[in-house]
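There are 2 protein chains.
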Amino acid sequence: MARIVMKFGGTSVADLDRIRRVAALVAAEHANGNEVAVVVSAMSGETNRLVGFVDDLSADSNAGGEIDDEYDAIVASGEQVTSGLLSIALRRRGVKARSWQGWQIPLQTDGAHASARIKGIETLAFNQSLKDGVVGVVAGFQGISPQGRVSTLGRGGSDTSAVALAVALKADRCDIYTDVDGVYTTDPRIVPEARRLGRIAFEEMLELASQGAKVLQTRSVELAMNNNLPIRVLTSFKDVDEDNPGTLVCSEESFKGDKIMEERVVSGVAYSRDEAQISLLRLNDIPGVVARVCGAMSEANISVDMIVQGTSRREDSANLVFTIGRRDLDKTLAALEANKEKIGFDGLLVNDKVSKVSVVGIGMRSHAGVAHTMFSALAERNINIEVIATSEIKISVLIDADMTELAVRALHSAFELGVSLGNSKGNSMGDSTGDSKGDN
Amino acid sequence: MARIVMKFGGTSVADLDRIRRVAALVAAEHANGNEVAVVVSAMSGETNRLVGFVDDLSADSNAGGEIDDEYDAIVASGEQVTSGLLSIALRRRGVKARSWQGWQIPLQTDGAHASARIKGIETLAFNQSLKDGVVGVVAGFQGISPQGRVSTLGRGGSDTSAVALAVALKADRCDIYTDVDGVYTTDPRIVPEARRLGRIAFEEMLELASQGAKVLQTRSVELAMNNNLPIRVLTSFKDVDEDNPGTLVCSEESFKGDKIMEERVVSGVAYSRDEAQISLLRLNDIPGVVARVCGAMSEANISVDMIVQGTSRREDSANLVFTIGRRDLDKTLAALEANKEKIGFDGLLVNDKVSKVSVVGIGMRSHAGVAHTMFSALAERNINIEVIATSEIKISVLIDADMTELAVRALHSAFELGVSLGNSKGNSMGDSTGDSKGDN
Numbered sequence: 042m043a044r045i046v047m048k049f050g051g052t053s054v055a056d057l058d059r060i061r062r063v064a065a066l067v068a069a070e071h072a073n074g075n076e077v078a079v080v081v082s083a084m085s086g087e088t089n090r091l092v093g094f095v096d097d098l099s100a101d102s103n104a105g106g107e108i109d110d111e112y113d114a115i116v117a118s119g120e121q122v123t124s125g126l127l128s129i130a131l132r133r134r135g136v137k138a139r140s141w142q143g144w145q146i147p148l149q150t151d152g153a154h155a156s157a158r159i160k161g162i163e164t165l166a167f168n169q170s171l172k173d174g175v176v177g178v179v180a181g182f183q184g185i186s187p188q189g190r191v192s193t194l195g196r197g198g199s200d201t202s203a204v205a206l207a208v209a210l211k212a213d214r215c216d217i218y219t220d221v222d223g224v225y226t227t228d229p230r231i232v233p234e235a236r237r238l239g240r241i242a243f244e245e246m247l248e249l250a251s252q253g254a255k256v257l258q259t260r261s262v263e264l265a266m267n268n269n270l271p272i273r274v275l276t277s278f279k280d281v282d283e284d285n286p287g288t289l290v291c292s293e294e295s296f297k298g299d300k301i302m303e304e305r306v307v308s309g310v311a312y313s314r315d316e317a318q319i320s321l322l323r324l325n326d327i328p329g330v331v332a333r334v335c336g337a338m339s340e341a342n343i344s345v346d347m348i349v350q351g352t353s354r355r356e357d358s359a360n361l362v363f364t365i366g367r368r369d370l371d372k373t374l375a376a377l378e379a380n381k382e383k384i385g386f387d388g389l390l391v392n393d394k395v396s397k398v399s400v401v402g403i404g405m406r407s408h409a410g411v412a413h414t415m416f417s418a419l420a421e422r423n424i425n426i427e428v429i430a431t432s433e434i435k436i437s438v439l440i441d442a443d444m445t446e447l448a449v450r451a452l453h454s455a456f457e458l459g460v461s462l463g464n465s466k467g468n469s470m471g472d473s474t475g476d477s478k479g480d481n
Numbered sequence: 042m043a044r045i046v047m048k049f050g051g052t053s054v055a056d057l058d059r060i061r062r063v064a065a066l067v068a069a070e071h072a073n074g075n076e077v078a079v080v081v082s083a084m085s086g087e088t089n090r091l092v093g094f095v096d097d098l099s100a101d102s103n104a105g106g107e108i109d110d111e112y113d114a115i116v117a118s119g120e121q122v123t124s125g126l127l128s129i130a131l132r133r134r135g136v137k138a139r140s141w142q143g144w145q146i147p148l149q150t151d152g153a154h155a156s157a158r159i160k161g162i163e164t165l166a167f168n169q170s171l172k173d174g175v176v177g178v179v180a181g182f183q184g185i186s187p188q189g190r191v192s193t194l195g196r197g198g199s200d201t202s203a204v205a206l207a208v209a210l211k212a213d214r215c216d217i218y219t220d221v222d223g224v225y226t227t228d229p230r231i232v233p234e235a236r237r238l239g240r241i242a243f244e245e246m247l248e249l250a251s252q253g254a255k256v257l258q259t260r261s262v263e264l265a266m267n268n269n270l271p272i273r274v275l276t277s278f279k280d281v282d283e284d285n286p287g288t289l290v291c292s293e294e295s296f297k298g299d300k301i302m303e304e305r306v307v308s309g310v311a312y313s314r315d316e317a318q319i320s321l322l323r324l325n326d327i328p329g330v331v332a333r334v335c336g337a338m339s340e341a342n343i344s345v346d347m348i349v350q351g352t353s354r355r356e357d358s359a360n361l362v363f364t365i366g367r368r369d370l371d372k373t374l375a376a377l378e379a380n381k382e383k384i385g386f387d388g389l390l391v392n393d394k395v396s397k398v399s400v401v402g403i404g405m406r407s408h409a410g411v412a413h414t415m416f417s418a419l420a421e422r423n424i425n426i427e428v429i430a431t432s433e434i435k436i437s438v439l440i441d442a443d444m445t446e447l448a449v450r451a452l453h454s455a456f457e458l459g460v461s462l463g464n465s466k467g468n469s470m471g472d473s474t475g476d477s478k479g480d481n
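Line order of the protein sequences matches chains A and B.
Heads up: the first sequence begins at 42 in the numbering used here, then just goes up one per residue.
Heads up: the second sequence begins at 42 in the numbering used here, then just goes up one per residue.
Hints were generated in silico from the structure; no laboratory data involved.
Note that the Cβ used here is the ideal one computed from N, Cα and C, for glycine as well.
Just to be clear, a hint being listed does not mean it is correct.
Stated by the list, open to error - Now the stretches of chain A that chain B is said to cover, found in silico as 3 or more residues with beta-carbon under 8 Å:
| id | segment |
| --- | --- |
| 1 | 92 to 102 |
| 2 | 106 to 112 |
| 3 | 125 to 137 |
| 4 | 140 to 154 |
| 5 | 416 to 427 |
Unchecked claim - Have a look at the derived ranges for each label pair, beta carbon to beta carbon:
| id | chain 1 | residue 1 | chain 2 | residue 2 | range |
| --- | --- | --- | --- | --- | --- |
| 6 | A | 72 | B | 165 | 45 to 53 Å |
| 7 | A | 72 | B | 106 | 13 to 21 Å |
| 8 | B | 349 | A | 135 | 42 to 50 Å |
| 9 | A | 342 | B | 211 | 42 to 50 Å |
| 10 | A | 378 | B | 164 | 47 to 55 Å |
| 11 | B | 286 | A | 381 | 58 to 66 Å |
| 12 | B | 135 | A | 74 | 52 to 60 Å |
What the hints assert, rightly or not - Sample of chain A residues with no beta-carbon within 10 Å of chain B, all distances over it, derived:
| id | residue |
| --- | --- |
| 13 | 362 |
| 14 | 370 |
| 15 | 430 |
Kindly generate the complete structure, drawing on both the sequences and the hints.
Put into structure tokens, the structure is as follows:
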């Protein structure tokens with residue numbers, strides 16, 4: 042007997058027939074004598090419908106301040122509906138089941154509405170219910186704030202609900218069912234030869250998720266890594282068997298003795314089109330300028346991604362270039378304008394026609410030459426690099442958005458990530474329309 | 042300063058523009074310095090959509106037993122969404138507001154899922170919030186069971202939520218906004234001359250609601266009567282002023298000195314098409330048969346309405362005739378079959394082409410001749426009466442369903458309930474599509 046957490050994204054529960062299919066998958070795990078907890082997203086499209094209502098009303102005026110608490114109360118309803126429906130579908134198969142909303146478990150959050158973090162999960166009642174043979178169907182994406190309000194974990198948060206629940210329940214496995222059958226070397230819609238990975242290390246998955254791959258929410262990978270909880274990424278659209286084993290996201294140590302894995306230098310190529318590049322010109326006080334910019338951004342709750350400081354080629358004084366999420370562009374420009382004197386710059390350029398392309402692999406640590414291979418491959422295609430950012434297991438470049446596909450294909454080929462044999466297709470990398478993007 | 046509970050039905054919050062209109066009505070009461078609690082239904086059609094999901098899944102099989110707990114978890118989400126949206130709309134008008142779900146107040150129920158009764162309302166936190174000038178926007182129709190599950194009060198239950206909240210909060214007024222502008226002498230779609238009543242006694246409203254008028258949920262009227270809480274029935278589609286005063290539902294004592302009221306013998310004519318008539322034939326043991334039938338029905342959780350025992354004209358032995366809600370017909374036949382020997386009958390007739398038409402008025406108590414007027418009016422139109430049931434302030438007859446409109450018009454005219462002058466139209470009586478039918 043094992044204890045298993047299964048998570049199903051919005052496309053897996055998009056309609057009643059798919060919910061019936063999910064019930065069959067859950068029933069099979071239960072019939073094997075396992076204790077099963079399930080985490081569900083809202084039915085595909087439902088969260089967008091509800092967010093649309095909120096956006097429409099919010100546009101009326103700026104009066105009344107924050108509304109994130111009400112946003113949460115509204116949007117969390119989508120997952121509640123799915124958890125109830127899946128419970129009914131399970132009972133109709135003769136499987137004992139009940140739904141759990143975030144406040145019922147309770148899953149406690151810090152109360153930062155619309156982007157809450159999990160503080161703790163009370164498992165007493167839930168555990169007992171599992172031990173009684175009842176499948177626990179949990180509404181993902183939501184918890185309860187210290188003030189007793191519904192709080193949500195941000196878009197894609199159901200992945201994080203599932204991993205946090207698996208950790209709290211000391212589950213043996215956490216299976217994340219989505220609309221792709223695993224983690225791919227890159228987005229197969231751009232590179233048809235993209236290959237599904239059998240395994241990937243937490244660190245690699247974290248970098249890939251951070252750099253644009255949408256298959257798992259970044260926070261969920263972080264949480265799994267910190268607790269050494271293996272995650273399996275699978276599709277609910279096929280039966281799970283040797284033809285559909287999914288991808289195991291696990292610790293590097295699990296790779297030991299796995300020769301093929303050890304030879305792999307780069308595991309995947311990710312890309313993100315959601316970038317904007319800001320250049321600050323004619324800085325009049327170089328020392329401390331990065332701190333001052335980051336301070337202004339942080340006050341406005343904006344994440345700065347890549348950042349590079351250098352001497353301008355065209356002007357007399359130094360420049361600072363950094364990137365932000367494109368959705369934060371207006372907020373960023375307002376924050377820079379408000380802090381213009383404090384930061385000390387005299388001009389500003391915006392480029393929102395940029396993409397970030399990254400290669401990721403834990404093999405980079407011990408293999409030299411990855412950067413050389415990468416920059417050569419891009420140079421051969423005449424792709425200009427605007428900004429470079431590196432970590433121990435990742436190199437990212439900012440390039441002209443029109444060059445995105447060309448760059449991804451060049452890098453996938455340069456690192457020999459593809460396969461020649463026919464392979465089932467997914468769309469796990471890049472800003473695809475995968476589960477984690479459209480739902481919670 | 043007064044304390045006011047305002048309730049808005051599904052058609053009043055059917056879309057975002059109507060929610061904005063409701064926000065304006067609430068803001069006006071708040072701007073007058075009142076403490077305001079609001080109870081909302083789900084957006085029109087939303088409850089039916091969710092119930093449709095449940096019915097679809099339920100039809101798969103009979104395995105797994107009861108699902109009412111999950112039905113409640115699913116269907117209650119509709120009210121949750123509306124309460125959040127109205128809170129945002131109020132804030133955007135500069136009015137402090139927050140949403141409350143049933144479990145947050147908490148509104149405690151007995152846990153009879155899908156038809157729960159209210160056991161108590163904890164008002165400490167809610168009261169404080171009202172005193173702080175915050176409009177409390179309550180998701181109607183729902184509460185929390187002793188087991189900590191979401192439980193709903195049955196279709197139309199938001200009326201009961203509103204009245205119960207008004208009683209618990211010691212509110213000065215409870216205004217029920219719906220899609221009709223008050224309580225009418227009968228359904229204006231059948232009788233164009235139907236007149237809006239300025240006032241109606243609790244007892245009359247209770248009888249009218251029980252006999253088919255859908256303007257208020259029966260339980261809400263009962264609760265208001267027991268606590269002597271006046272209810273005003275209004276429409277949200279017009280401004281509230283002397284042209285739109287609605288109907289006040291209040292105690293008979295409030296009528297004292299009101300000459301016009303005292304002269305009124307019959308207040309309204311209600312009808313219901315949701316009836317089915319069962320005749321048990323060749324009963325072999327008359328004494329105690331009513332008790333045996335009622336016992337069997339009660340065990341199957343079926344309400345018996347009219348009941349009459351008599352000698353058959355066609356057969357040698359006695360008959361028993363009773364009526365039930367048509368939706369319970371299958372359940373009833375199964376219960377009768379299972380108890381055939383115990384009850385002791387040898388044949389059974391079903392007629393589901395029947396309607397119940399009722400005249401209601403507190404004036405009946407002191408005026409003779411109502412029955413005579415009623416039966417004469419029906420006889421003149423050759424309308425056969427199958428069953429008669431009476432109370433102190435009501436006479437109901439069961440007739441051929443095809444005769445419904447003819448009977449309603451005949452009785453409305455016989456008791457001179459109409460007006461000749463032009464009048465705004467509603468549809469408050471009869472099994473109309475009023476608010477209380479399609480939502481919660």
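Hints and how they fare:
1. Requiring three or more residues with a Cβ within less than 8 Å of a Cβ of chain B, the coverage given for the segment 92 to 102 of chain A holds, as 7 such residues are present.
2. Check result for the segment 106 to 112 of chain A against chain B: holds, 5 residues qualifying (beta carbon to beta carbon below 8 Å, three or more required).
3. Proximity of the segment 125 to 137 of chain A to chain B, defined as three or more residues with a beta carbon under 8 Å from a beta carbon of that chain, is established by the 12 residues found.
4. With a threshold of 8 Å between beta carbons, the proposed coverage of the segment 140 to 154 of chain A by chain B holds, since 4 of its residues qualify and at least three are required.
5. Evaluation of the coverage hint for the segment 416 to 427 of chain A: breached, as 0 residues show C-beta separations to chain B shorter than 8 Å, against a requirement of three.
6. For residue 72 of chain A paired with residue 165 of chain B, a C-beta distance near 47 Å keeps the hint of 45 to 53 Å intact.
7. Distance hint check: the CB atoms of residue 72 of chain A and residue 106 of chain B are about 18 Å apart, consistent with the given range 13 to 21 Å.
8. Taking the beta carbon of each, residue 349 of chain B and residue 135 of chain A are about 44 Å apart, inside 42 to 50 Å as hinted.
9. For residue 342 of chain A paired with residue 211 of chain B, a C-beta distance near 43 Å keeps the hint of 42 to 50 Å intact.
10. At about 48 Å, the beta-carbon gap between residue 378 of chain A and residue 164 of chain B stays in the expected band of 47 to 55 Å.
11. Distance hint check: the CB atoms of residue 286 of chain B and residue 381 of chain A are about 60 Å apart, consistent with the given range 58 to 66 Å.
12. For the hinted restraint 52 to 60 Å between residue 135 of chain B and residue 74 of chain A, the CB-CB distance of approximately 59 Å keeps it satisfied.
13. Every beta carbon of chain B lies more than 10 Å from that of residue 362 of chain A, the smallest distance being close to 39 Å; the non-interface claim holds.
14. Separation of residue 370 of chain A from chain B is adequate, the least Cβ-Cβ distance of about 25 Å exceeding the 10 Å criterion.
15. With a minimum CB-CB distance of about 39 Å to chain B, residue 430 of chain A clears the 10 Å threshold, and the non-interface call stands.
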